[in-house]
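Visitor: Residues per chain, in single letters:
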Amino acid sequence: MQFWLIQSMNSLALGGLLFLLSAGFSLIFGLMRIPNLAHGALFMLGTYVAISLMQLQLPFWLAAVLSGLAVGVLGSILERFILRRLAGNERGQVLVTLGFAFIIADFCLMTWTGDPIAVQAPDALRRPIVLAGMMFPAYRIAVLVISVVFAGLLYALVERTKIGAMIRAGVDDMEMARSVGIRVSHLFTLVFFLGAALAGIGGVLGGPILSAYPGLDAEMLPLALVVVVLGGIGSLAGAFLGSFVIAAIYNFGTALFPDLAYVILFLPMVITLVVRPQGLFGRAAS
Amino acid sequence: MINLRRRTVLALGGCAVAVPMIGRAEANPIRIGFLTIRTGQMASAGTQFEQGFHAFLKARRNKLAGRPVEVFAVDTTNTPSVARSKTQELVESRKCHVLVGPISAFEALAIDDYIKQNEVPTIGTGAADDLTQRRANPWFVRATSSASQCSHPIADYALKELKLKRIVTIGEDNAYGYEQVGGLQRVFEAGGGKVIQKLWAPTASPDYATYISSISNNADAIFLGLAGPNGFRFLRQAAEYGLRSRMQVFGGMNAIDEPFLRNMGDEAIGLVSGSWYTARLDTPENQNLVRDLEADYQVDAGTYAASAHTSMSLLEAALSSIGGKVEDRNALMHALRNTPISRSARGAFRIDALGNVVGDVYIRRVEKKSGKLMNSVIKTYPNVSQFWTYSAADFLKNPTYSRTFPPSPNLEH
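Top line first, the protein sequences correspond to chains A and B. Anchor point for the first sequence: position 120 equals 120 in the numbering used here, and the numbering is continuous, going up by one each time. Anchor point for the second sequence: position 300 equals 586 in the numbering used here, and the numbering is continuous, going up by one each time.
Bear in mind the hints are in silico, worked out from the structure with no lab data behind them. Misleading hints may appear alongside valid ones.
Calculated from the model, a selection of chain A residues having no Cβ within reach of chain B, i.e. all distances over 10 Å [as the list claims (entries may be wrong)]:
1. Gly88
2. Leu154
3. Gly164
4. Gly181
5. Pro268
6. Arg276
7. Phe281
Derived Cβ-Cβ restraints for the label pairs, each shown as a range [unchecked claim]:
8. Ala345(B) with Leu153(A): 56 to 64 Å
9. Leu69(A) with Ser606(B): 58 to 66 Å
10. Arg276(A) with Ser531(B): 44 to 52 Å
11. Gln55(A) with Val663(B): 27 to 35 Å
12. Asp552(B) with Arg183(A): 47 to 55 Å
13. Pro668(B) with Val130(A): 44 to 52 Å
We put the CB at the ideal spot given by N, CA and C, even for glycine.
Chain A extracted, bound-state conformation (with noise of 0.2 Å):
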């Protein structure tokens, strides 16, 4: 009882986490028709950034958006100044996210060095608290608590709002979304920007679980992939429900069938590549 009580708490604590580390990479993927395949350097770049704000004694939460909005306006850079000389060539895009991956990886290195470096949790947080007759660390319920409550708000800007609907149809329809007049361009700076902030944000409240160590990047990028190819390529509510998916299998794989421990976050992306390759919320490629 007290195995699959703790083992599901586990569950809902890392699924928060993976979607506060895909939502952004699923709502870029779907804009832009590419991988983003800097977002786990971008990830672990927030958490850097946060640290290094926090040597400057800035209370936690206050370096989390901080660092946000630092990594979200790297993201916009990218996308405006480099990623736009590249439209309509996929191949070259993704080949400069890479690039800029490594990039931000060495800077990374040169700037924090190779250890790893932790991160403190706010003070009221840090103490294991006791549910049932069991300890479970408060901070991960709080990870949980905020990423339900980013997954609400973006779903309100996406469903709720005019730029919302305007990112829904470029989504759906570029051509058409251009036709009837939308600059889509300026989506990209914008999706562009949100994703690169949720990165950073999530990297920055990731830290008190996962640290900060060269590899974080490298380590963080395949999850995104598994819950976006999972969810449904630019689906919000896919990349919620993937990442608590995700996690409940890495946890309860993991316990259950240790040996299976390599294999078992990958299988549920091959079996929905093969029964069902558009993701659980996407949309067949018309």
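Chain A is already provided as a structure; the job is to place chain B on it using the hints.
Guide: Chain B in isolation, oriented as in the chain A frame:
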């Protein structure tokens, strides 16, 4: 794709390190191929490895046995295939006389055949047991530790001094993890202890929560067979889950390393581990190393810095004993294996018949002194061999430590 980056840059960087030739025309430089890691998870280890190496050469004004030294550094990216091709480059195009590195066990295994066929003297730190055991390579020596070498004494200490009886182990799901945990289990169970649960985590595991939640409640302690950032992350996450209020935590040779302590909180205080090195050793060579790293790089010396430094002490002593004639490979290899080392960062040591170090292993406990966390020595096991107290012949009759050896009769989970 990741493996491709930096190659060219590094090759050039290697040349740039070349030392200006001084004086005598006949003094051709000793060409050292240096295999480090500058990419990914192990970049931190690689950085320390380089710092320890350069601190050693700088203190000797880039000379060994009276001859200038030329260094060719390459980034293996912690990938066996890259380590292999870089080794070939160092030997065939750079004409290196001797190799220092690679760092990781699977990299060392990847170049094993090559250095044997091409007769390249290599001072490696890759810990794979069999490199100096069942598949001993005549061209390979190791001055640091085999994977299981430090696990035997920490198991002895856990039984006799920590009085642990029932423990859980967690190790990386690779040969390095199996050998560390296997060595521990063998000695711990031979002395009457019980390993009641064994957990194996993939080498890259960002989140250990699943494993931490699965740890049995009926254990006295958990042993960490995790290296570098993995040990660091596990300890952080274990603190989140309040694991240490349930049981003791103790670790293998690089689970709790000095460079990581700098970035850890007070949750590290009291952690016990067994290793062949700690920055707190008061050997003169170690004091130099610690001081130089602090002065030149503002970092604390850790196991990986000491790995390179100690390997170079071995090389220097061997070269001195043959008058610096690095070109005579057979003489150099003979000297590497037969020169007792009286001064090195880790203390005095010698190399056994199969090429592995026989030296002191230290039991360390993390303490906070003047605001700084450090590994203080609480017990020294002198002259520990890779075969522990067993005879080499008996030891080698057993299979290599693995997931299934030694067998685990006491598992409850």
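Visitor: Each hint needs a verdict: does it hold in this structure or not?
Guide: Now the hints, each set against the structure:
1. Once the 10 Å rule is applied to beta carbons, Gly88(A) is consistent with being away from chain B; the minimum gap is 23 Å.
2. For Leu154(A), the shortest C-beta to C-beta distance to chain B comes to about 23 Å, beyond the 10 Å cut-off, and the non-interface label holds.
3. With a minimum CB-CB distance of about 32 Å to chain B, Gly164(A) clears the 10 Å threshold, and the non-interface call stands.
4. With a closest Cβ-Cβ approach of about 40 Å to chain B, Gly181(A) is found to remain outside the 10 Å limit, as its non-interface label requires.
5. Every C-beta of chain B lies more than 10 Å from that of Pro268(A), the closest at about 16 Å, which supports listing it as non-interface.
6. No Cβ of chain B comes within 10 Å of the Cβ of Arg276(A); the nearest lies about 27 Å off, and the non-interface call holds.
7. Every Cβ of chain B is farther than 10 Å from the Cβ of Phe281(A); the closest lies at roughly 25 Å, confirming the non-interface assignment.
8. Separated by about 58 Å at the C-beta atoms, Ala345(B) and Leu153(A) satisfy the suggested range of 56 to 64 Å.
9. Checked against the hint of 58 to 66 Å, the C-beta distance between Leu69(A) and Ser606(B) comes to roughly 59 Å, which is consistent with it.
10. Between Arg276(A) and Ser531(B), the C-beta spacing of about 46 Å keeps the proposed range 44 to 52 Å intact.
11. Checked against the given bound of 27 to 35 Å, the beta carbons of Gln55(A) and Val663(B), roughly 32 Å apart, stay inside it.
12. Roughly 54 Å separates the CB atoms of Asp552(B) and Arg183(A), a value that falls within the hinted 47 to 55 Å.
13. Between Pro668(B) and Val130(A) the Cβ separation comes to about 46 Å, which falls inside the hinted range of 44 to 52 Å.
Of the numbered hints listed earlier, not one is contradicted by the structure.
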